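Trainee: Residues per chain, in single letters:
Protein chains: 2
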Amino acid sequence: MKKVGVAILGLGVVGGGTYQILTEHREFYQRTQGVDIEVESVLELNRERALALGVPEEKIASNIAEIVSDPDVNIVVEVIGGVDAAREFVLAALNAGKTVVTSNKELFCKYSHELERAAKRQNAGLYFEASCVGGVPIIRTLLDGVQANNISSMMGIINGTTNYILTKMTQEGSSYEESLKEAQRLGYAEADPTADVEGYDAAYKLSILSSLAFHTKVPFGKIFREGISGITQENIADGKELGYVLKLLAIGKQSESGIEVRVHPTFVRVGHPLASVNDSFNAVFLTGDAVGDIMLYGRGAGALPTGSAIVSDIIYAATHSENKYSTFKNTANADKDTKFVTDFKSAYYLRLTVEDKAGFLAKIATVFGKHNISIAHLVQRSAQEDGKVPIVLVTHETHELAVRSAVAKLNAMEGVGHVDTVLRVVM
Amino acid sequence: MKKVGVAILGLGVVGGGTYQILTEHREFYQRTQGVDIEVESVLELNRERALALGVPEEKIASNIAEIVSDPDVNIVVEVIGGVDAAREFVLAALNAGKTVVTSNKELFCKYSHELERAAKRQNAGLYFEASCVGGVPIIRTLLDGVQANNISSMMGIINGTTNYILTKMTQEGSSYEESLKEAQRLGYAEADPTADVEGYDAAYKLSILSSLAFHTKVPFGKIFREGISGITQENIADGKELGYVLKLLAIGKQSESGIEVRVHPTFVRVGHPLASVNDSFNAVFLTGDAVGDIMLYGRGAGALPTGSAIVSDIIYAATHSENKYSTFKNTANADKDTKFVTDFKSAYYLRLTVEDKAGFLAKIATVFGKHNISIAHLVQRSAQEDGKVPIVLVTHETHELAVRSAVAKLNAMEGVGHVDTVLRVVM
Numbered sequence: 001m002k003k004v005g006v007a008i009l010g011l012g013v014v015g016g017g018t019y020q021i022l023t024e025h026r027e028f029y030q031r032t033q034g035v036d037i038e039v040e041s042v043l044e045l046n047r048e049r050a051l052a053l054g055v056p057e058e059k060i061a062s063n064i065a066e067i068v069s070d071p072d073v074n075i076v077v078e079v080i081g082g083v084d085a086a087r088e089f090v091l092a093a094l095n096a097g098k099t100v101v102t103s104n105k106e107l108f109c110k111y112s113h114e115l116e117r118a119a120k121r122q123n124a125g126l127y128f129e130a131s132c133v134g135g136v137p138i139i140r141t142l143l144d145g146v147q148a149n150n151i152s153s154m155m156g157i158i159n160g161t162t163n164y165i166l167t168k169m170t171q172e173g174s175s176y177e178e179s180l181k182e183a184q185r186l187g188y189a190e191a192d193p194t195a196d197v198e199g200y201d202a203a204y205k206l207s208i209l210s211s212l213a214f215h216t217k218v219p220f221g222k223i224f225r226e227g228i229s230g231i232t233q234e235n236i237a238d239g240k241e242l243g244y245v246l247k248l249l250a251i252g253k254q255s256e257s258g259i260e261v262r263v264h265p266t267f268v269r270v271g272h273p274l275a276s277v278n279d280s281f282n283a284v285f286l287t288g289d290a291v292g293d294i295m296l297y298g299r300g301a302g303a304l305p306t307g308s309a310i311v312s313d314i315i316y317a318a319t320h321s322e323n324k325y326s327t328f329k330n331t332a333n334a335d336k337d338t339k340f341v342t343d344f345k346s347a348y349y350l351r352l353t354v355e356d357k358a359g360f361l362a363k364i365a366t367v368f369g370k371h372n373i374s375i376a377h378l379v380q381r382s383a384q385e386d387g388k389v390p391i392v393l394v395t396h397e398t399h400e401l402a403v404r405s406a407v408a409k410l411n412a413m414e415g416v417g418h419v420d421t422v423l424r425v426v427m
Numbered sequence: 001m002k003k004v005g006v007a008i009l010g011l012g013v014v015g016g017g018t019y020q021i022l023t024e025h026r027e028f029y030q031r032t033q034g035v036d037i038e039v040e041s042v043l044e045l046n047r048e049r050a051l052a053l054g055v056p057e058e059k060i061a062s063n064i065a066e067i068v069s070d071p072d073v074n075i076v077v078e079v080i081g082g083v084d085a086a087r088e089f090v091l092a093a094l095n096a097g098k099t100v101v102t103s104n105k106e107l108f109c110k111y112s113h114e115l116e117r118a119a120k121r122q123n124a125g126l127y128f129e130a131s132c133v134g135g136v137p138i139i140r141t142l143l144d145g146v147q148a149n150n151i152s153s154m155m156g157i158i159n160g161t162t163n164y165i166l167t168k169m170t171q172e173g174s175s176y177e178e179s180l181k182e183a184q185r186l187g188y189a190e191a192d193p194t195a196d197v198e199g200y201d202a203a204y205k206l207s208i209l210s211s212l213a214f215h216t217k218v219p220f221g222k223i224f225r226e227g228i229s230g231i232t233q234e235n236i237a238d239g240k241e242l243g244y245v246l247k248l249l250a251i252g253k254q255s256e257s258g259i260e261v262r263v264h265p266t267f268v269r270v271g272h273p274l275a276s277v278n279d280s281f282n283a284v285f286l287t288g289d290a291v292g293d294i295m296l297y298g299r300g301a302g303a304l305p306t307g308s309a310i311v312s313d314i315i316y317a318a319t320h321s322e323n324k325y326s327t328f329k330n331t332a333n334a335d336k337d338t339k340f341v342t343d344f345k346s347a348y349y350l351r352l353t354v355e356d357k358a359g360f361l362a363k364i365a366t367v368f369g370k371h372n373i374s375i376a377h378l379v380q381r382s383a384q385e386d387g388k389v390p391i392v393l394v395t396h397e398t399h400e401l402a403v404r405s406a407v408a409k410l411n412a413m414e415g416v417g418h419v420d421t422v423l424r425v426v427m
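Residue numbers (the numbering used here), protein chains in the order written: chain A, 1 to 427; chain B, 1 to 427.
All clues stand as given, with none of them false.
No copy labels: a pair is met if it fits in one copy or bridges any two.
When the alpha-carbon atoms are kept at most 25 Å apart in a straight line, the in silico DSS-like pairs for lysine-lysine are as follows:
hint, residue 1, residue 2
1, Lys120, Lys3
2, Lys2, Lys324
3, Lys336, Lys110
4, Lys120, Lys329
5, Lys329, Lys3
6, Lys363, Lys388
7, Lys120, Lys324
None of these hints come from the bench; they were simulated from the model. Keep in mind it's a predicted model, so treat the numbers as computed, not measured.
Take the sequences, apply the hints, and build the full model.
Mentor: Here it is in structure tokens:
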């Protein structure tokens with residue numbers, strides 16, 4: 001039976017899960033996959049953590065050099081996170097001809113071109129299923145499941161932390177702050193939650209997924225990004241009344257005009273398959289020209305779900321001796337032939353607070369009309385204690401830049417009021 | 001650039017879709033996959049149909065021998081359906097060393113062992129993604145996406161015809177007969193709908209999927225099968241009241257007691273991801289010991305969705321030169337070491353019509369008690385015109401054989417009434 005040696009760099013949550021899956025399933029993989037996968041060594045500065053997980057002392061390496069020079073190690077799993085050390089270690093492994101499996105979305109988003117070049121040079125494998133959407137095999141699906149399709153659209157709930165927070169705000173009526181605190185208490189959110197709540201994490205993943213879906217490098221810097229920290233309970237309640245659920249969506253679209261990529265809180269029509277993806281679950285909804293609509297749903301994070309993706313990559317690498325690389329130019333920046341759309345189209349939700357004076361509706365309507373924005377739905381709420389009147393409106397599909405311009409105009413007008421929230425809507 | 005020649009056997013709905021996808025995307029696959037895939041020949045008795053699809057006359061073969069002896073044909077796509085001719089043609093192609101891509105669930109379910117033996121002998125590829133759940137890459141996911149997992153459960157809506165009929169009965173209150181007629185009018189159901197409505201189609205697919213998920217041959221004959229033709233509007237309405245939606249589920253479970261495989265109409269709790277899979281959409285909900293719950297959703301049939309699966313298999317075969325075969329004993333019958341569970345556990349819905357006499361509830365309760373069946377919910381409806389009283393009840397989880405025995409007992413008792421419907425329930 002083929003024997004495959006694995007080294008794990010970092011025994012944090014995901015590294016620990018990976019170690020557990022590999023050791024508990026060793027006989028299972030011998031029987032079902034025909035390979036004997038053994039953890040040969042781990043790199044973990046906290047020796048106690050390694051020992052507590054049951055790693056034999058002699059398998060705890062002192063440094064990366066020990067691992068990359070070990071002829072018994074065929075596959076190196078990078079799950080330390082961060083960019084600098086991870087990049088150095090992954091390059092060292094690839095340069096030594098080891099196949100690398102990584103869960104590191106930031107590293108892969110920023111340096112896939114460099115890593116792939118090193119892998120190609122040594123004919124080593126480079127696998128990154130675990131970098132996006134945990135245990136859901138979205139990367140394998142893009143590469144080997146729907147590759148017959150020209151994919152026109154991808155919409156994903158690909159950050160579990162924000163989906164947990166928004167679900168809590170929706171189902172329990174709690175505030176953003178309370179929901180974030182609860183997410184932190186449960187370990188779903190970091191002490192500094194910026195990467196999740198401001199959409200960086202989702203944007204790294206969208207960069208990776210849209211590069212694969214659209215067969216061209218989509219760099220992080222091309223992604224429009226807006227987080228959920230400004231979302232209020234009023235917005236959630238407005239959505240409920242209008243038949244929408246709020247989700248942080250990562251959206252990638254491709255058409256003759258170019259590629260648009262964006263991460264922002266989005267109202268999704270109740271009844272859309274993405275609308276019922278709750279808590280820390282993730283899902284990606286794809287549209288291909290042959291397959292039509294397809295959705296993959298599952299846990300986007302966690303020791304065992306992410307470990308499932310890592311170990312599935314390890315098994316794939318162990319049972320396929322050929323290595324495949326991107327067929328597009330995998331570069332640091334976008335290819336000069338790739339067009340990006342910034343003035344994308346969408347429907348919009350706006351919440352305004354206006355002065356309770358005659359004629360304010362006419363003023364709003366005039367500004368919208370001048371920007372060619374047509375209103376699909378408008379609700380005027382009862383006056384607030386301060387005498388101002390909240391207005392909620394939803395537009396028909398229009399252009400992002402037209403909305404931004406109309407909002408700037410409205411906010412600059414004397415005595416009309418203020419646009420408090422602008423959110424995009426998926427019908 | 002690598003050149004790959006394809007022959008398509010049968011230009012029906014799926015064959016036509018496959019031809020269309022391959023010809024329209026030829027340049028796209030050169031650019032995105034680095035292969036030039038050309039349709040070299042087709043086998044289609046109806047020459048007019050082939051010509052209408054745009055197939056050049058010289059590419060229409062007269063017989064299978066012409067195709068399997070053509071050195072320019074690398075991959076043979078079998079989409080003629082049925083078993084006898086398909087089996088002969090696929091074996092001829094494999095014996096000639098051609099890789100085969102098939103959408104034929106009945107053929108693959110019944111003869112996978114024979115086809116795989118022929119493929120192995122010639123080191124030819126054998127691909128069958130399109131045999132199950134149309135364009136949804138469930139087979140690729142089982143083989144290469146969640147293979148790190150010991151899968152304990154699989155529940156699928158894997159027949160579009162029955163899901164369309166049940167959705168119509170649920171959303172529009174129409175009868176089974178009306179809904180079937182509408183499905184036939186739209187081309188979702190055949191003139192003889194038996195294979196779909198009696199669950200044969202779903203059982204072929206479940207045999208294939210559960211063999212892959214559980215790493216052992218699960219023959220068609222081991223699958224408990226019950227169709228939807230006995231479902232009434234009363235059952236659907238009872239479900240609505242109780243918070244359930246009726247779906248034809250294909251269920252595979254694996255535990256230490258063995259494997260259970262069954263296809264039957266099932267009440268699914270509203271809120272479960274499968275409950276909102278409507279119309280002709282399909283979905284498979286898997287539970288793995290690492291990944292947890294995961295669901296794949298999409299169109300289970302149709303020219304282009306099924307063509308997507310076929311062409312994705314063609315591209316996979318064209319870009320991977322190694323062929324993989326089952327790592328389990330792929331035989332005609334189940335392995336003697338595989339245990340099957342027939343007395344499976346489930347919750348149950350029962351609808352009875354009883355004589356309106358004092359004491360009937362006590363009699364029912366006694367029979368259930370003797371069979372260790374405990375009742376979770378019971379509704380007594382108003383008496384019918386004939387004076388009989390409908391009773392709807394839902395049990396806690398119990399055993400299939402206990403329920404069958406209790407039902408037989410109740411139906412044999414004088415003056416109690418009759419059990420009209422027994423349906424299984426997924427909470």
